[in-house]
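Participant: Okay, here's what each chain looks like letter by letter:
4 protein chains.
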Amino acid sequence: MMVIMKQGHSQQEIDDVLRRLEEVGLKGHTIVGVERTVVAVVGSIYPELGDELETMSGVGSTVRISVPHKLASREIKPEDTIVKVGSVEIGAGKTVIIAGPCAVESEEQIMETARAVKDAGANLLRGGAFKPRSSPYSFRGLGEEGLRLLAQASKETGLPFMTEVMSVREVDLVAKYADVLQIGTRNAQNFMLLEEVGRTGKPVLLKRGLASQIEDWLLAAEYILNIGNPNVILCERGIRTFETATRNTFDINAIPLVKQISHLPIVADPSHGTGKWTLVGPVSLAAIAAGADGVILEVHPNPDHALSDGAQSLNFRRFRELMEQARVVAEAVDRPLLSAATEPTPA
Amino acid sequence: MMVIMKQGHSQQEIDDVLRRLEEVGLKGHTIVGVERTVVAVVGSIYPELGDELETMSGVGSTVRISVPHKLASREIKPEDTIVKVGSVEIGAGKTVIIAGPCAVESEEQIMETARAVKDAGANLLRGGAFKPRSSPYSFRGLGEEGLRLLAQASKETGLPFMTEVMSVREVDLVAKYADVLQIGTRNAQNFMLLEEVGRTGKPVLLKRGLASQIEDWLLAAEYILNIGNPNVILCERGIRTFETATRNTFDINAIPLVKQISHLPIVADPSHGTGKWTLVGPVSLAAIAAGADGVILEVHPNPDHALSDGAQSLNFRRFRELMEQARVVAEAVDRPLLSAATEPTPA
Amino acid sequence: MMVIMKQGHSQQEIDDVLRRLEEVGLKGHTIVGVERTVVAVVGSIYPELGDELETMSGVGSTVRISVPHKLASREIKPEDTIVKVGSVEIGAGKTVIIAGPCAVESEEQIMETARAVKDAGANLLRGGAFKPRSSPYSFRGLGEEGLRLLAQASKETGLPFMTEVMSVREVDLVAKYADVLQIGTRNAQNFMLLEEVGRTGKPVLLKRGLASQIEDWLLAAEYILNIGNPNVILCERGIRTFETATRNTFDINAIPLVKQISHLPIVADPSHGTGKWTLVGPVSLAAIAAGADGVILEVHPNPDHALSDGAQSLNFRRFRELMEQARVVAEAVDRPLLSAATEPTPA
Amino acid sequence: MMVIMKQGHSQQEIDDVLRRLEEVGLKGHTIVGVERTVVAVVGSIYPELGDELETMSGVGSTVRISVPHKLASREIKPEDTIVKVGSVEIGAGKTVIIAGPCAVESEEQIMETARAVKDAGANLLRGGAFKPRSSPYSFRGLGEEGLRLLAQASKETGLPFMTEVMSVREVDLVAKYADVLQIGTRNAQNFMLLEEVGRTGKPVLLKRGLASQIEDWLLAAEYILNIGNPNVILCERGIRTFETATRNTFDINAIPLVKQISHLPIVADPSHGTGKWTLVGPVSLAAIAAGADGVILEVHPNPDHALSDGAQSLNFRRFRELMEQARVVAEAVDRPLLSAATEPTPA
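Protein chains in written order, with this note's numbering: chain A, 43 to 389; chain B, 43 to 389; chain C, 43 to 389; chain D, 43 to 389.
Here chain A stands alone, though its shape is the one from the complex (with noise of 0.2 Å):
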């Protein structure tokens, strides 16, 4: 950490620095510049100093210099971390897909859509059976009857299945059901609940919070891993700016910023990034060209009916013809499409 300090500083104000540096243990070296005065840190730095040293009299500012996100980092770990579900590989260098409805409505509708991502290609399915919604009054999922519905279409398909938990006191059930634990944007601090998952020891796909700065996300992971989790997949799902056009603004700069910064897989959410589904088909294959590990995309037999999510869902069709362009983008990039899975998911 550097300690800035203010011109016309007086030299009182630089030794009680140095001072609280020496009471909490660190050691702090003085340099004088033409225009500023700066005191250098050394030694193991909390997260709180800086915060503290900048309501010290003299002092202009702090600047971070070693970054807050140990375990997600590259600098601790340099190689992917590739995340296991299953028999698929997520950060292995190919593509995963990982489709199905926005929320599980009944047993045709998963086991007819989970046919059908299955079929077109798909390497997971997603549902939800526990669904935040910004109104009271929304259709708010089918509960464990879901959790049920999506283990007997991952049953039949093969396709193991990732599933949003949206309390401490479902982590338990979700898990008993769940290939992949799902933590939803509104509830990317919720720190409690991260820690709970991570307990859980299962992967745990961790959206990017609505608010969130990729340092904030970063952390957020980083109560994961600390946890003893290491199973983290990453998911960009737009951010809320200042246009409206969109639902959310999707940002591509995140996947390869992340894959510099981090070992953890990242995959892209184009459904919720976009919420139009005619937007839906070209950011997937952008999300590919710019090297995200996988795409999750919300497929439904019939989006003017479905229960949430209709606009930024595909039918059948138009996910297949998806799957065939992604197909070709993810080769031009050599990060082919993972080859469907042929075989059941272990209980």
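In case anyone wonders, no lab produced these hints; they're calculated from the structure. Among the hints, erroneous ones may be present.
Since the list gives no way to pick one copy over another, a pair counts as held whenever it fits inside one copy or between any two copies.
Below, in silico cross-link-like pairs of lysine-lysine (DSS-like), each with a Cα-Cα straight-line distance of 30 Å or less [what the hints assert, rightly or not]:
id, residue 1, residue 2
1, Lys112, Lys136
2, Lys119, Lys318
3, Lys112, Lys197
4, Lys244, Lys48
5, Lys48, Lys69
Since the structure of chain A is already known, use the hints to place chains B, C and D on it.
Facilitator: This is chains B, C and D only, laid out in the frame that chain A set:
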């Protein structure tokens, strides 16, 4: 709701919309304009209808006309809601001051602070026992021990107290001790937690989410109101914008706007809304001048040594000075400071 | 336009709205719904009408139904606009590459770069002679000398060139030299400049403003189209959001969305859209996969010594490598790179 | 400046940085920490240096330590700048009120409004002759005729007047008539216009850009100061955020923050900062309470019929009522309203 057809739509497409509306028990009136044809929808509209209709061929867009938050709206309940906490009334035309440390750190720290804020005229005590932190490596609070110390400080000073609850698992525990349950910004759309704190019947202070539009925030309040708990206090605490010179952007517009569209009381949190103690004073006065029902302030015996949020905390002297200014501004807008509580809170 | 009355409005207030509409030559149809009464307005609506009506007693809100940008919209002109620059066609289904240094620094630098980008397959040359800089203390370009050097490089390589014009005063000067006039992000709503470059009849590349919604951007294009110049090329270059890890947030959603609602060609500027050369490659490929009509790239012989934007510029080797990847991705989405220009541009 | 090396950098990479610094006349001091090595740069740093160094191998990031805006900073000039407009002093501890219509529409309208705002206690008149409009189809002002009418109203009432200048071409014309030249939000980084208005030597009111960080805004002021014109008045008018319930988000934090870091006066524009007249009153009082040197208000004889911005304009009665409240709040914070001008402005 209005369904706006694309230019060049066919009669068949209009008919499809009308039939779809009938299927779900609604009625459509077609209005043919010079540039556009519009279908006005009459009946009890459910939240997803717009999304569904927008996926239909020939439909350009839909426009919701009625507000989605019912119970929080002045249209349903024109008169102000007054939330009572012990003998303190929030929303009754007087300005309420809530003060205390960001986190409870020790018996000495909380007792000393409680006495200081009471002596300066605060009406409620605040303090964190369970702390959400962006990094897992930061101080995360004393837990139940913190609750006990808050209760002790509350008992001695007679100030009711407010503290954050972070997870459904702690709701009962926190409710056993606290007079007001606080929902933090990172849980602003943690819908399960909202319902759970709602069930306690205790007053709930609901912070605005970092990325919450005012409508999202009122819909979050709706979760609590809908469970049967009318005691919701809204709290503006700044939103995330592109400006990095301050920790958040305090949305002063939200204060009068919320007062106009909702009957719920709204208080301001300039400590988080600015992130710098040098700005807390002016923004507190601004919030009072704009009509806030109260102000929440972080106060610490020695902010330079606070375990969290020291940079935005006032020391005792600065808090007393601010109280003097607040008193004058509150009177200028005819919303005088509520006289300090003089009796112990009921158990 | 729809005028949505408040709940509890009086008949008198409806009558006032109807009379006001008549005053300005419009007609209103009253629709009484269960929850709301709405007045549908028929006739030629002017932009301020909504604001005016919203100030009237009893009026809750108004909703515009027709799009405000007429000439830029596909509703007016369904077929794609193709902008011709010499023999280069932008918007004709092939991917166009525009490359060159951020700023012209010297004859050697621009000649060397022009040859390098031509050899690697670029179709147009770019380079700044007048540079907008956030700080008055930064390098602000060579002015007319820069234009002369660009013209010389253009003549030698046969690549038409594009350069920014910053003020109405330089429009004639820049138009004398340049093949395409560029409007920078900070002038994206400098309406006088938009009209002035429009009057030259030359192709205009219009960057999106840092804070422009897509509708603002299309309305800015409307200024140029409305003056009688159809040769507008839109350029997505990132918007300002809360994310600070990248210089801007490249809005990938905007590429397919603009293609859907407007007939104008759109190109991507990943150099400014990311601000880091390590991200330029992946985001360029993403933009191509999403359907961009072209990509603008900053290329410099020695980015470490560039006088501006070195951090986001590619050196020659990296540019050549990116061109190879771009070629493959462009073919994968059936929008092959346009063959490099082989003839000198017409004077 | 601090250059922070990547972990695992080589000695060769450090040496390259030191040599590069020497090449440009600077000196580097290497500091080896536990986690990181840092090179502290001493000497006269130019703006691009950081970007350049960040492209070098082994360099992780750079941190600027001195502020880039020199002339606007309190570090250079600790005492407040007072801008004089006729007999009106802005920045001298009293609260100044600037009022008038958004656009001049007719002689009757401007004369009537000028008398009304003067009688209610305003110190300066405002009014638009050249209007920037998002759409080319909106009313764009009366041009020079508008300036003449403003001058006439100014002469009759003795109120100096302020009006916007939109292009370098109109600077001389507008400066011939107006007492204060206003730079609008869309020209906030139109650097050529900034220098041109700077050259007139007249007071300049510089609105913050829709997407301007406070640092960008002070750097824009720097363009005017650097040309030799010290008479800059900053104007906070709201920024663009994700919140759509208001036209802009008025950044109340900016008022005290700018007062702390800059010596320039700052005024508030709650009309644009909120976009709704029902919010203008409370936010005006908030700005005064937060320490603004003045408030700009849109006032119109009949807002329902205004040709622009009617929705955010006050009628005469509401303006008078607000003035009464403003007087009380301004006194509460010991920044009383400046007594209304009683003498004609000098020609």
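Participant: Up to 30 Å between alpha-carbons, please classify Lys119 paired with Lys318: within, between, both or neither.
Facilitator: between (37 Å within a copy, 23 Å between copies)
Participant: Given a CA cutoff of 30 Å, do Lys244 and Lys48 count as a within-copy pair, a between-copy pair, both, or neither?
Facilitator: Neither way: Lys244 and Lys48 sit 49 Å apart in one copy and 33 Å across, limit 30 Å.
Participant: Since the copies are identical, ignore which copy is meant and state whether Lys112 and Lys197 lie within 30 Å (CA to CA) inside a copy, between copies, both or neither.
Facilitator: For Lys112 and Lys197, the Cα distance exceeds 30 Å both inside one copy (38 Å) and across copies (43 Å).
Participant: From the Cα coordinates, with 30 Å as the cut-off, is the pair Lys112 and Lys136 best called within, between, both, or neither?
Facilitator: within (26 Å within a copy, 44 Å between copies)
Participant: Give the relationship of Lys48 and Lys69 under a CA distance limit of 30 Å: within one copy only, between copies only, both, or neither.
Facilitator: both (20 Å within a copy, 21 Å between copies)
Hint compliance for this structure: hints 3, 4 are broken, all remaining hints hold.
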